[in-house]
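Number of protein chains: 2
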Amino acid sequence: MNLIVLAPVAATLALLFAAYFSFCVIKESEGSDKMQQIAKNIRTGANAYLVRQYKGVGFFFLGMFIVLFLLSSFGYVSVFVPFAFITGGFFSGFSGFLGMKIATSSNARTTHACSKSLNAGLRVAFSSGAVMGLIVVGFGLLDLSIWYYILDWYYRGLPIAERIVYITSSMLTFGMGASSMALFARVGGGIFTKAADVGADLVGKVEVGIPEDDPRNPAVIADNVGDNVGDVAGLGADLYESYVGSIVSSCALAVAAGLGMQGVIIPLLVASIGVLASVIGTFFVKTGEEASQKVLLGALRRGIYCSAIIIAIVSYFLVVQVLGSEYIGIYFSILCGLIAGLFIGFFAEYFTSSTYKPTKQLADSAVTGSATVIISGMSVGMLSTSLPVIVVGISVIISYIISGGMNNFNLGLYGIAISAVGMLSTLGITLATDAYGPVADNAGGIAEMAGLDAAVRKRTDALDSLGNTTAATGKGFAIGSAALTALAFIAAYKDSIELLVQKNHIDFTFDLSILNPQVLIGLFVGGMATFVFAAFTMNSVGKAAGMIVVEVRRQFKEIIGLMEGKAEPDYASCVDICTKAAQKELIKIALLGVATPLVVGLILGPNGVAGLLAGATTTGFILAVMMANAGGAWDNAKKYIEEGNLGGKGSDAHKAAVVGDTVGDPFKDTAGPAINILIKLMAMVSIVFGLFVLTWSIL
Amino acid sequence: MNLIVLAPVAATLALLFAAYFSFCVIKESEGSDKMQQIAKNIRTGANAYLVRQYKGVGFFFLGMFIVLFLLSSFGYVSVFVPFAFITGGFFSGFSGFLGMKIATSSNARTTHACSKSLNAGLRVAFSSGAVMGLIVVGFGLLDLSIWYYILDWYYRGLPIAERIVYITSSMLTFGMGASSMALFARVGGGIFTKAADVGADLVGKVEVGIPEDDPRNPAVIADNVGDNVGDVAGLGADLYESYVGSIVSSCALAVAAGLGMQGVIIPLLVASIGVLASVIGTFFVKTGEEASQKVLLGALRRGIYCSAIIIAIVSYFLVVQVLGSEYIGIYFSILCGLIAGLFIGFFAEYFTSSTYKPTKQLADSAVTGSATVIISGMSVGMLSTSLPVIVVGISVIISYIISGGMNNFNLGLYGIAISAVGMLSTLGITLATDAYGPVADNAGGIAEMAGLDAAVRKRTDALDSLGNTTAATGKGFAIGSAALTALAFIAAYKDSIELLVQKNHIDFTFDLSILNPQVLIGLFVGGMATFVFAAFTMNSVGKAAGMIVVEVRRQFKEIIGLMEGKAEPDYASCVDICTKAAQKELIKIALLGVATPLVVGLILGPNGVAGLLAGATTTGFILAVMMANAGGAWDNAKKYIEEGNLGGKGSDAHKAAVVGDTVGDPFKDTAGPAINILIKLMAMVSIVFGLFVLTWSIL
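As you go down the protein sequences, you meet chains A and B in turn.
Each step along the first sequence adds one to the number in the working numbering, with nothing skipped, and position 546 is 546.
Each step along the second sequence adds one to the number in the working numbering, with nothing skipped, and position 66 is 66.
Here chain A stands alone, though its shape is the one from the complex:
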């Protein structure tokens, strides 16, 4: 039982290593004065954005805190709920913030290292990614174990079953806070980054005809800031939420599964092993000087595989030790999730990398124009949903059966939930390989703006394009684990409502049959909510990008000598426009996540809410995979043409591919990756407001 101490220990270790890697990065040189100045501009912009975002988010959290506080005063939720909510939000945001800090300190250093060798560049960028990965899992695990200790102590007088329920329900609220914050960070950052990117490209590349990252482009700093606030801070908050969510939802099912407190600590322990394995894995990421891209990818993979193997071995002994060998099926569920994660990563690569057929064919379709490239890209994205769905399906059914679901339904559900923990157990290192991408992207920008040698830019480009593949993998993990976690959330929702029904003597029984019209309508509304959510976010990008286009055009017209490189553009105004635009749309989007389960609950009752969650998961899972992969494929098809294929840069095919890439930007970096957060946010809101809905529902 005392094994639980492993969690804070592993977490602390992860944070120490994060500090160590930060130190390694910081001691590198930032290069010339010009590079330092550019890096400083990006840092300033990113900080300005985050300060403003946290202000906006602060209001939301304050409002939610008051609502939850009132609910807790009236006895609708436990006394810890408002505080758990706040801390979840804080640490999700904090993880993103720290990740961004290190990323904005690493970009120029990566550029400088790339002027020495490709491998040196990789080491700096990857170290920066590793800091982010270890911070996310470190804080995630630390926060959960602290809450666990506090709650376990506070409720020590209660019988074990009831105690677990109180512990897990407060921890779920912690997850809700993390999800809310993640939604803001992902969507806000996503709108910022893509508005800047699209706006910069539309005027710079297409209208004025200057290269990407040209310092004359007024939106170029905003574009580079965007990489940090969206792809780093947003990503960090997102995966913090996924990580915490998968652990918490498994814990919540422990009582019903008949595993007691052992069932609560197993997910924490698996995560702890994963953290340790990730730390070890990072040391396997190294390669000879001037290795090819394929070798580099192999180096990253080696780190992940090493971690996975360690987890696979140690978890076995852990499960036997904690649960006993009669529950060995739980181990196989964990293994199942771990393997499914590797497959999902591989399939994401297959559909988005230009070394395989789908993206090559997509590039071919650019020859007949932008319309065909859009149609083909949509097809690739839609087709790419098949394999992840099948993998997740197989994983669900195997973890269910193997953990003993045929005899004990709830044990089977627990098996499915913990397979998600297995899938995310390698997060420390997979996130490292993912978060290094934006750093490489920035490094390229700095090389271009500082006018460095073409060879440097070529090296940063190589790192960047590798980053595209790892980014697709990261998104696959987030949404795949969300699909696995979803069932756990619906079950946790049902359990929590049933407990409330019993305690408050309310006349309600669940009928979760898909033939129940309440459930069916819930399914429809849930599916629709993900589409509407995607529409909102894409619209916001479109609007903000439009503003950037106008501003960049204005500067090119009004600032004399800008085009000739004799005058400086006003970078700050573009950063400012993106910041404001991103914030403006956020509240509407967050309300969609919070209000939908409430409204559905008040009209259709808890059955409708369960349907809503299932519908949002089903449609959202598929939509998210489609958007992530279509976007990735468009991006890499463009890069494939830029490498000189099908006419190369400047050809008509290239122009068509740029349109595809631009459409893909909000797909893959704004709407797509935020859907998994929306699903989980809706689930947690449903659970937290369960009694409220139960009391006031019409049907």
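A couple of the hints might just be wrong.
Chain copies aren't distinguished; within one or between two, either way the pair holds.
To be verified - In the BS3-like style, the derived pairs of lysine-lysine whose C-alpha atoms are separated by at most 25 Å in a straight line are:
{"#": "1", "residue 1": "543", "residue 2": "357"}
{"#": "2", "residue 1": "357", "residue 2": "655"}
{"#": "3", "residue 1": "357", "residue 2": "205"}
{"#": "4", "residue 1": "116", "residue 2": "458"}
{"#": "5", "residue 1": "649", "residue 2": "294"}
{"#": "6", "residue 1": "655", "residue 2": "205"}
{"#": "7", "residue 1": "205", "residue 2": "503"}
{"#": "8", "residue 1": "357", "residue 2": "649"}
Please keep in mind that the hints were generated in silico from the structure rather than gathered at the bench.
Model, not experiment: these values are computed from the prediction.
Since chain A is already given, all that's left is putting chain B on it; use the hints.
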């Protein structure tokens, strides 16, 4: 009880009126020799396509017939099943065929009438649409009542409950035949029409810079043929299937609802009233000479509203007479569907017509280029899913409660199913307003090719653009009714499996809870199947369009004097390429519909199949609405710019809008409208192969 005779009488009347309207059309002049020649070319192409399609489809039906025959020999299905399947397919195809026959006879006549006045043109085109509408409902109702008489007579010795089960299950197979045929017709026709359209536009409009429908374009005849085989023959087969499916699925629920044979005949009778009301409604579609477009739309609407009011009044007495006043709730369910249909039509118009904000804003986004127009169009489509989903949701819950679902679950399901019959009861006339669109489109093509006066083309354009709005409405009906019917199909599936379980003493009980992993995986796979289906169909369009582009480019290069109008292009080769391309992809797509429920059933069992159907309905409903409305909005945004807004024809905004329109083509005319058929086909396959799956399933 003898009221059932109303069904064949109404059906025959509808067919007689169809003959009368055909006669009215045929007696009009086809215009000049040149116009007659062009019309003949289109007819020849369309016939050639259909002959080839029916050959390909023939093999599929033969194969299925043999499979079903074997299954019936081994006692898995009843002896009527193979024959019901064949007749369903035959009449679905036949309705489309006849509709196309009259459409290809009306196009030049509409052009000629337009040279007199707009109203004369409307009358000819609408008469042609009315023929199609009345043929679809007439044959649908006639075939169902004939099968009803045969089966009722054959099974006369059985007790009433068992007799109804046999009757309805054979009628369901009839529906399966219709769905299979509809899938071929919709998808095959959809691929043909969009490949020709996209191919013709890409080279003609964009590369060579000649106007739409220019006779020098080698793909122009194929484009016009496509309107007929896709938007007419495909549409007819599709709605025949929707119509029959909604009636049959209601009948199938009658026993469980405790309504007995009365419950079986009520849907047939409501449909009969709808047929009569539609015939009456067509006579209200008239207007003064040279009326404005708004007045014209009003004229079409008047016909629909008149029919709806007649149905609303007469159904009341019908329900009271047949079921008695204690079942008056059933009447309100019918009314509910009828009203929901009108709302769905209105919302489709709101999101796709350039008189409202969404399409206007979409047109604005074309100013910043094709990427933003694509992003905005996707947003409009996704956002537009909200209102139909809410309308269908409200309709489901009201029909369920009002018909008595709170006390008798199965009666509530019956209420939902019959609300779909209510929604489609006006089909005779709504289909008429829908099917006239392609005729007007063709008329415009003929005016252009025959070099008629610009005023004529302007009139045909006015008719055509009106047709865009009514087409969006038609698609809304088809998918909305599919969503309502879905629950009935899942229930019918459950009932039929339970009957088999009971009869064959199989150890199986349903657990349709969304927490059952089998159901959840089914949901995922169902959702994914609709995305993969859309990808397949869009890919096929892309491939076929690519072939047309190559062929048209070849002709412009090789045929000397073509560009100067001195030589004739080889129209037939383009028709031939489209025909072959459409057929090639069809088998793969049809197999997806047939194989998916079988594979899921054999692995996950009947619970997984039910989940599959629910998932396909949820995601498919939303995806279909998104595709139909995004496509419609892109098309009308382009037309809005062509009317002279935002720079008008030839401006950069126009070019961007053309890209949007081209992407929208396969969305709205190939993938989108076929999804509802896929859903129902999977449902019927599941039912027909129920015992087979039950016997051989792993789980």
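A quick look at each hint next to the structure:
For the identical chains of this complex, residue 543 and residue 357 are inter-copy neighbours only, at 15 Å across copies versus 34 Å inside a copy, given an alpha-carbon limit of 25 Å. With identical chains, the CA atoms of residue 357 and residue 655 are at most 25 Å apart within one copy only, with a shortest distance of 21 Å there and 30 Å across copies. In this homomeric assembly, residue 357 and residue 205 never come within 25 Å of each other (Cα to Cα): the closest approach is 28 Å inside a single copy and 31 Å across copies. For the identical chains of this complex, residue 116 and residue 458 are intra-copy neighbours only, at 12 Å inside a copy versus 68 Å across copies, given an alpha-carbon limit of 25 Å.
For a Cα distance limit of 25 Å, the shortest separation of residue 649 from residue 294 inside one copy, 23 Å, qualifies, whereas the shortest one across copies, 49 Å, does not. Taking the closest pair of Cα atoms, residue 655 and residue 205 come within 25 Å of each other both inside a single copy (10 Å) and across two copies (19 Å). In this homomeric assembly, residue 205 and residue 503 never come within 25 Å of each other (Cα to Cα): the closest approach is 64 Å inside a single copy and 70 Å across copies. In the homo-oligomer, the alpha carbons of residue 357 and residue 649 lie at most 25 Å apart inside one protomer (21 Å), although the nearest pairing across protomers, at 38 Å, exceeds that limit.
Checked against the numbered hints above, the structure breaks hints 3 and 7 and satisfies the rest.
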